[in-house]
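> Sequence:
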Amino acid sequence: MKKIIALAAVAAGIVAVSSCCQKVDISGEWTVNEVNGETLPALLEGQEGPFLSFDAVEGKMHGNTGVNIINSTYTLKGKKLELGPAMSTMMAGPQEWMEAESKILGALGNVRTVKPVDEINLELCDSTGTAIISLVRK
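For the sequence shown, the positions run 8 to 145 when my numbering is used.
Since the hints were made in silico from the structure, they are not lab data. Keep in mind it's a predicted model, so treat the numbers as computed, not measured. Among the hints, a few may not be true.
[What the hints assert, rightly or not] Below, computed lysine-lysine pairings styled on DSS-like, alpha-carbon distance capped at 27 angstroms:
1. Lys86 / Lys67
2. Lys30 / Lys86
3. Lys110 / Lys84
4. Lys110 / Lys67
5. Lys67 / Lys145
6. Lys145 / Lys30
7. Lys86 / Lys110
Could you build all of it, start to finish, from the sequences and the hints given here?
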């Protein structure tokens with residue numbers, strides 16, 4: 008009986024360690040769905056919505072805030088995500104989209120971890136583990 012309990016404890020430990028250290032695949036294009044729990048403004052006809060694209064080979068992030076293009080570098084170790092300084096074009100747009108862009112850029116500055124929800128949904132989280140950007144795979 009003690010051997011069964013010991014084996015069960017070892018198996019549970021292996022599962023716990025492997026789940027916390029799983030490699031997360033964030034490569035590809037993601038539509039920005041929410042920022043700090045708020046849905047973004049409605050798009051105009053023919054307008055491309057905000058997205059982020061992660062290139063795992065190059066370690067680069069590219070995206071669009073709905074108004075401007077952004078580029079950065081990133082490092083992903085397990086679920087820890089480090090974003091480098093972002094570069095952005097500086098075009099103007101409708102006020103509500105400029106405000107949304109400000110929220111996106113502010114949130115990106117606070118991202119520390121990633122949390123996969125399922126195969127097509129990903130959350131970028133702050134240092135407390137709170138989701139601050141919700142993404143949907145394109």
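> Check the structure against each numbered hint from earlier and tell me which ones fail, lowest number first.
none
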